[in-house]
Amino acid sequence: MDEEKIRDYFPILEKKIKGKPIIYLDSACMSLKPKPVIDSINEYYLEYTSCGERSSHSFGRETTERMEKTRERVKKFFNAKNVNEIVFTKNTTEGINLVAKSLGLKKGDKVITTDKEHNSNLVPWLQLEKIGVIHEVVEWKDEFDIENFKQKVKNAKLVSFVHTSNLDGASVPAREIIKIAHDNKALVMFDAAQSAPHKKVDVQKLDVDFLACSGHKMLGPTGVGVLYAKKNLLEKLEPFITGGETVQDSTYDSVKFREIPYRFEAGLQNYAGIIAFKEALDFIDMVGMDWIQKHDAKLNEIVSKELDLPKIKLIGPENPELRGSIFSFNIEGMGFHEVASMLDETSNIMIRSGNHCVHSWFNAHDMKGSARASWYLYNTEDEILKFAEEVKKLIKLV
Amino acid sequence: MICFIALIVFGILGIFSASYRQIAKEAFVCVFRRATLRKCETGLDVRLKSKIISKIMPRFPRIGKILYKYFEVFSWFFVILFFASLAYSIYSGYNFWKYGNCYGPQDNGGFCPLTLLEGERYSRISSQYNGTTIYPSVGNAATIGSPDSPVTIIEFGCFVCSNTKKAEATVQKVLNNYKGKVYYAYRDLPIESHLNAVLSSEVAYCAKAQGKYWEYHNMIFKNQEVLMKLDEESAKEWFISKAGELGLDENNFGECLANHTYLNQIEKDFEDGLSTGVTATPTFFVNNQSIIGCLPYGAFEAAINSELKKAGING
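Residue numbers (the numbering used here), protein chains in the order written: chain A, 1 to 398; chain B, 1 to 315.
Looking at chain A on its own, in the form it has when it is part of the complex (with noise of 0.2 Å):
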């Protein structure tokens, strides 16, 4: 797939800011969105705007066969084995806590997670240890540590582990990790939101029980998810929210609730942009998950081999190839703030910095943060090249 053929499709790599052009690597945070994305978003309000799954007037049919199109490709994308197991969120946050709070866990019941988790599986574990929930973190350095998780995950109930760190861009080895547990009889859950971007995410091949990931990040709008749960689990899960669409019918007491997934989509749905999900994961689909691998490795090996240098402090593996799409780094002497804000000033490069969300795993490493450069498949090897010159300058500072 040609680079800039695909940088056709992102009208807002067009912009300029005081004349120059944009460079933007917070594609952790926040991906951009491809035109036809746009479009299908536009098009929900000017063509057909209306609710889904209750109106039946031909608006409401269409959006309701819309949505469910959608759900079909989402079953797709991530080879769901059934259409019902997937259940459209807000974004991973809202997916892991209907997890958390839906699952049933009671006192003693044990839950384990990286130390490199986002707040997002991390605090809804730390309320949970209120009703007497044990929690327990199972540390990760460069190299995930098996004989660890072994020791940890016995008695374990649900293990819920980040899949790609978002503070490094290492991955857990998520196969071998979803046997271990399962051998314990242990559920397993995995925020994917920065892999299922990434990576050819399979959940009959894992076999992983729960699975969380964010529409923005994979060139979807803001305000979709997605939460895949194996249907028999699914079933048992008790709703979460409840309301307006999660209902078959109710009575003043008592209330019989739909069928997986209904019960679980509470309320008005974000109908432009579940419906607009769908091409951002055509448009994935079309440049290619082994592509989008391959281009973000290339870019990690340039960037790394670039700032290879002493008064860089990098965060994550030395091997590129195991960092996925982030380098996340100090500049020794400069604040990461100073780092992000500069590269932003003088050259519109965009970047994170900050405590990502992994406030826990700074505090643990007395860490106050870290500038983190992210990037996607409209990225290309210039824009990398610029980034690097960019920090190097900023290192003759020091």
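Derived from the structure by calculation, the hints contain no laboratory data. Check each hint, because a few of them may be wrong.
Subject to a maximum C-alpha distance of 30 Å in a straight line, what follows is the list of computed DSBU-like cross-link-like pairs (lysine-lysine) [stated by the list, open to error]: (1) A:Lys18 <-> B:Lys222; (2) B:Lys55 <-> A:Lys392; (3) A:Lys311 <-> B:Lys222; (4) B:Lys51 <-> A:Lys313; (5) B:Lys173 <-> B:Lys222; (6) B:Lys222 <-> B:Lys208; (7) B:Lys69 <-> A:Lys18; (8) B:Lys39 <-> A:Lys311; (9) A:Lys386 <-> B:Lys39; (10) A:Lys69 <-> A:Lys81; (11) A:Lys18 <-> B:Lys51; (12) B:Lys65 <-> A:Lys313.
Covered stretches of chain B, as calculated for chain A (at least 3 residues, CB under 8 Å) [stated by the list, open to error]: (13) 91-99; (14) 115-121; (15) 292-298.
Glycine included, each C-beta is placed from N, C-alpha and C at the ideal position.
Using the hints provided, position chain B relative to the given structure of chain A.
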């Protein structure tokens, strides 16, 4: 410390724009946190630092490097500079209120931007004088007080100059507060461009001949706005009509005006004014110290007190 500077700058800009108001608010939070020995969490300090250095770095990398390294020092320097400027501005403002200049009683005629806000306190005369400068003297002017007083104040004024009129109240205050210590004389320097200026001076001299100078002097200033609107003939009639009201012999008064009896005297006053270096009205000479324009009472007070001090008398 950059947030402190930002608070001032964006606080002022915020008066005109809401977007700057938001930055000023952030700066305030930042300053408040720093003042309570906590870290600034708004990130404004980092943003400002980055913005400033990013502007400098591409063109002047070495300066950028120095600025980055010592940014806090530079920030402190500018904060101190700001406070010093603020203190100096307050001091100048006080001087302006008290003495009519930015430098206090020892003003050496330096530029004072505050005067621009208020407009000129004097009216310039267009005549040029290239001869030798002489010390001012009372001449044949009307006077108040004893010639033996330790301080002599000679005013060169124009009856139809608004600034001379404005100075009248201050002159009265000076005469009241320094009774017995000040000998005051008013000399005519009618500005050519002012309508009825020479006529007013003639009127005053004619009234002086009948012992009613100060009555006419005060009456002219009181009716200055009326006079400024009348043509010469109408003004003359108006003056003669007032003569009766003030108990003057109207025939003598009219004759005095018709014959321009004191025109030469007025020209002498004018010449004397120019030869003492007067370029604007009103100009006061407090002994040999000059005060140009209708300055506040404090300026006179300072000059008189210093002259009294020279004479060994407490003000």
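Hint-by-hint comparison with the structure:
{"no.": "1", "hint": "A:Lys18 <-> B:Lys222", "verdict": "violated, 63 Å"}
{"no.": "2", "hint": "B:Lys55 <-> A:Lys392", "verdict": "holds, 17 Å"}
{"no.": "3", "hint": "A:Lys311 <-> B:Lys222", "verdict": "violated, 81 Å"}
{"no.": "4", "hint": "B:Lys51 <-> A:Lys313", "verdict": "holds, 24 Å"}
{"no.": "5", "hint": "B:Lys173 <-> B:Lys222", "verdict": "holds, 17 Å"}
{"no.": "6", "hint": "B:Lys222 <-> B:Lys208", "verdict": "holds, 18 Å"}
{"no.": "7", "hint": "B:Lys69 <-> A:Lys18", "verdict": "holds, 27 Å"}
{"no.": "8", "hint": "B:Lys39 <-> A:Lys311", "verdict": "holds, 26 Å"}
{"no.": "9", "hint": "A:Lys386 <-> B:Lys39", "verdict": "violated, 33 Å"}
{"no.": "10", "hint": "A:Lys69 <-> A:Lys81", "verdict": "holds, 16 Å"}
{"no.": "11", "hint": "A:Lys18 <-> B:Lys51", "verdict": "holds, 13 Å"}
{"no.": "12", "hint": "B:Lys65 <-> A:Lys313", "verdict": "holds, 21 Å"}
{"no.": "13", "hint": "91-99", "verdict": "violated (count 0)"}
{"no.": "14", "hint": "115-121", "verdict": "violated (count 0)"}
{"no.": "15", "hint": "292-298", "verdict": "violated (count 0)"}
When held up to the earlier numbered hints, the structure conflicts with 1, 3, 9, 13, 14, 15 and fits the remainder.
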